[in-house]
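K.L.:
Let's have the full structure, built from the sequences with the hints guiding it.
Quick note, the sequences are listed as chains Y and D, same order.
Going by my numbering, 101 is the number at position 96 of the first sequence; the sequence numbering is gapless.
Going by my numbering, 9 is the number at position 4 of the second sequence; the sequence numbering is gapless.
These aren't lab readings, by the way, just hints derived from the structure by calculation.
All the given hints hold, so there is nothing to weed out.
Capping the alpha-carbon separation at 30 angstroms, the derived lysine-lysine pairs in DSSO-like fashion look like this:
(1) D:Lys16 / Y:Lys16
(2) Y:Lys24 / D:Lys14
(3) D:Lys14 / Y:Lys14
(4) D:Lys24 / Y:Lys14
(5) Y:Lys14 / Y:Lys24
(6) D:Lys24 / D:Lys14
(7) Y:Lys14 / D:Lys16
(8) D:Lys14 / Y:Lys16
One letter stands for each residue in the lines below.
Protein chains: 2
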Amino acid sequence: MQRVCFLLKVKRERLADYKAAHQNVWPEMLDALRAAGWRNYSLFLRDDGLLVGYFETNDLQQARARMAATDVNARWQATMAPYFEALDGRRPDEGAEMLTSIFHLA
Amino acid sequence: MQRVCFLLKVKRERLADYKAAHQNVWPEMLDALRAAGWRNYSLFLRDDGLLVGYFETNDLQQARARMAATDVNARWQATMAPYFEALDGRRPDEGAEMLTSIFHLA
Numbered sequence: 006m007q008r009v010c011f012l013l014k015v016k017r018e019r020l021a022d023y024k025a026a027h028q029n030v031w032p033e034m035l036d037a038l039r040a041a042g043w044r045n046y047s048l049f050l051r052d053d054g055l056l057v058g059y060f061e062t063n064d065l066q067q068a069r070a071r072m073a074a075t076d077v078n079a080r081w082q083a084t085m086a087p088y089f090e091a092l093d094g095r096r097p098d099e100g101a102e103m104l105t106s107i108f109h110l111a
Numbered sequence: 006m007q008r009v010c011f012l013l014k015v016k017r018e019r020l021a022d023y024k025a026a027h028q029n030v031w032p033e034m035l036d037a038l039r040a041a042g043w044r045n046y047s048l049f050l051r052d053d054g055l056l057v058g059y060f061e062t063n064d065l066q067q068a069r070a071r072m073a074a075t076d077v078n079a080r081w082q083a084t085m086a087p088y089f090e091a092l093d094g095r096r097p098d099e100g101a102e103m104l105t106s107i108f109h110l111a
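P.N.:
Have a look at this one:
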């Protein structure tokens with residue numbers, strides 16, 4: 006099992022909207038994540054917009070590829086893109102910065 | 006159950022040492038964390054030293070208070086303090102910046 010942590014930066018002026026959107030994530034998007042093997046997935050936000058994502062999956066490469074292959078993900082990422090800084094034209098799921106795991110205690 | 010995410014900043018010149026220390030965390034420290042109710046605890050590092058911690062616990066206030074009451078934690082935090090930036094005299098476990106959970110998918 007892989008534990009994954011990634012970072013993105015939400016624009017300060019869009020923080021409230023971004024939080025509100027995540028109280029009502031589309032059910033199809035949640036279904037697609039589950040079907041693609043994303044488990045125990047959380048998002049955390051710092052006041053300045055730094056966003057931390059954490060999830061668990063059996064195979065990160067496969068989990069990302071499966072999501073990338075869905076229509077609902079393309080629509081969700083297009084809807085979310087304007088909320089983020091510094092994507093340089095990438096989709097949020099492509100622009101996320103992956104961190105390195107250095108410690109785990111079960 | 007609470008899912009907790011916190012940030013700290015490791016000094017760039019101490020990154021290799023910090024990683025090495027976390028491949029050999031003292032067994033008493035691991036035991037103390039378990040006894041204090043810290044579960045599924047991971048640390049992730051960005052190349053510039055940004056450190057992300059994630060763990061799960063039934064009661065965050067109690068989990069922190071229980072660790073703070075142990076001798077081994079005082080020794081561990083004192084050993085780790087020189088690795089971090091911007092603690093302003095606080096112990097790392099006191100200086101960690103807590104983030105807000107905005108989304109969860111089981």
